[in-house]
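Engineer: Going line by line, the protein sequences match chains A and B.
For the first sequence, numbering that gives the first Met the number 0 assigns the number 0 to the initial residue and increments by one for each residue that follows.
For the second sequence, numbering that gives the first Met the number 0 assigns the number 0 to the initial residue and increments by one for each residue that follows.
Possibly wrong hints are sitting among the right ones.
Given that identical chains are not distinguished, each listed pair holds provided it fits within a single copy or across any two copies.
Under the rule of at most 20 Å between Cα atoms (straight-line distance), these lysine to any residue pairs were calculated in the SDA-like manner [said to hold, decoys possible]:
{"no.": "1", "residue 1": "Lys99", "residue 2": "Arg129"}
{"no.": "2", "residue 1": "Lys8", "residue 2": "Val230"}
{"no.": "3", "residue 1": "Lys99", "residue 2": "Asp121"}
{"no.": "4", "residue 1": "Lys21", "residue 2": "Asp248"}
{"no.": "5", "residue 1": "Lys21", "residue 2": "Ile278"}
{"no.": "6", "residue 1": "Lys66", "residue 2": "Ala84"}
{"no.": "7", "residue 1": "Lys17", "residue 2": "Tyr143"}
{"no.": "8", "residue 1": "Lys99", "residue 2": "Thr69"}
{"no.": "9", "residue 1": "Lys66", "residue 2": "Met126"}
{"no.": "10", "residue 1": "Lys154", "residue 2": "Asn14"}
{"no.": "11", "residue 1": "Lys66", "residue 2": "Ala22"}
{"no.": "12", "residue 1": "Lys218", "residue 2": "Glu180"}
{"no.": "13", "residue 1": "Lys178", "residue 2": "Ala6"}
{"no.": "14", "residue 1": "Lys266", "residue 2": "Asn239"}
{"no.": "15", "residue 1": "Lys154", "residue 2": "Asn95"}
{"no.": "16", "residue 1": "Lys66", "residue 2": "Gly131"}
{"no.": "17", "residue 1": "Lys154", "residue 2": "Arg129"}
{"no.": "18", "residue 1": "Lys247", "residue 2": "Glu274"}
{"no.": "19", "residue 1": "Lys15", "residue 2": "Asn3"}
{"no.": "20", "residue 1": "Lys66", "residue 2": "Asp100"}
{"no.": "21", "residue 1": "Lys266", "residue 2": "Ile240"}
{"no.": "22", "residue 1": "Lys247", "residue 2": "Glu191"}
I should point out that these hints are in silico values taken from the structure, not numbers from a laboratory.
Note that the structure is a prediction, hence the values are computed from the model and not measured.
2 protein chains.
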Amino acid sequence: MYTNDMARKMSAAMNKVKMAIKAGGGHTVLSTGITGDDARMAKAVVDAGIKMLEPNHPAVALARGYKGVTTMHEAEQVRYGITVAQMAEVTQGVRNVVGKDIYITTGIPGGFTEILPMPLTDEDFLMMARAGADGLHTHKSSLYDLEELVKKAHKYGLCVDAYIGLPTDLHTFGISAEKPEEVAHLARQMEEIGTDMIGLMTGMSYEGIDAGQIPQVLKERLCAMVEAVKVPTLAEGGINIDNFRAFKDTGVNILVIGTAIDGMAGKAVAAAAREFLNI
Amino acid sequence: MYTNDMARKMSAAMNKVKMAIKAGGGHTVLSTGITGDDARMAKAVVDAGIKMLEPNHPAVALARGYKGVTTMHEAEQVRYGITVAQMAEVTQGVRNVVGKDIYITTGIPGGFTEILPMPLTDEDFLMMARAGADGLHTHKSSLYDLEELVKKAHKYGLCVDAYIGLPTDLHTFGISAEKPEEVAHLARQMEEIGTDMIGLMTGMSYEGIDAGQIPQVLKERLCAMVEAVKVPTLAEGGINIDNFRAFKDTGVNILVIGTAIDGMAGKAVAAAAREFLNI
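The task is simple: from the sequences and hints, build the whole structure.
Structural biologist: Written as structure tokens, this is what we have:
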């Protein structure tokens, strides 16, 4: 299906992930939001120990003030207007400053659940691979779409992380599975078609979860996924300082942090601005 | 030289500056760095009370990891590779999220002291004006270059802020004048050719100044400029929380803050990353 060169590229990339998970005693953090797409902030978190980054197109829509969106909810509606070329530029810039040892997975238009036809061409995958992406961060809503994407991505040496969601999620960020046994079954199917990392959407569509805790039903879903597959697992959505430990306790390998870090950056610059204005 | 429409556009823009200075009792802050070019951070500081923003191309070089630069010193060497179209996109994005009442001055390639020919065309000025810029933040090194730029900018309704530097500055960010009387004379010449705001470079080329204080010689230069002209005045470079009061005491109207705020944002995301990694 893919050349030996590209298999080697992917193996080296997955090795970065495995080393990061090992270094963290079974867990690591995938940093996204402003730390995934702004080279200044990406370097700051990598210098602080982060080993995995995720630039993604809805966050770039926010960074660029695209169509005036200021929230992730709004960004979801317009993200298809960000181009693969823009994401390649962002990815290359982050790669330039963080070096080759950091795993970069990128969210690109066409790789999520789309409301308009967004065909990904061979040139798109080639462009992303050449821009320094190790993989693609994807949110397709069917196994069929995911399998097609995985095949094309692997052809160009790009690993794929893909997600499981709930049918009731406000935004569709993955393939639906409700009960723990359904999650486990789907996770195995995703693994069989070659998905390199499998995640579960754990936020209530950006609304977060009660401080310190995660709901029992979510815990069961996460554990079911973790136990079902051999590939590294991820949890994305609603993860913050308070509930981070509860997430780790499920055994999930990679915890995706975005909005929480963005909020801290925004608070820091706002506090600085107020301090200057009040001197 | 310019149409009535464009004179009205400029008058409305300068009114935003005057209102900001008035609201701050004679002083305001021009926020740049990541708060000037990232729409998320721009909105955060505007919500905190900032009324003036400055997206600029060396900061965008840092944001985009362009050629792998990670410091302002390095960005100075490669900034000519950022395009006017990119700066227009950045400016439009910031304008989209901060609304019409914020003054935006933009640093574009061709508007600084250049080491290669960087001709600015009528289309460039038109593009910036249509992207929502109120003015251009410029660092030409001669009155001749500045006058030419001011004329073209005014034709498209863009105000110009321009700067006075020292012949010994590490990077040339303005027209040279050393003694206070030379600064005063040059500031008047800049005002005569139509410069809308006149500033003094006050940083030791990003190295900062002793905590809480500014050198006597700099104080005299700033005061000479402030007293010489009627247009709003600016101080740029090396301004931080500690010496901010000393700068204000010179009577300068607009204090440009960039690296100081960038540093705080970087520290905030790094601290957040470390916190997550250590749970």
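Engineer: So which of the earlier hints does this model not fit?
Structural biologist: 3, 7, 11, 13, 15 and 22
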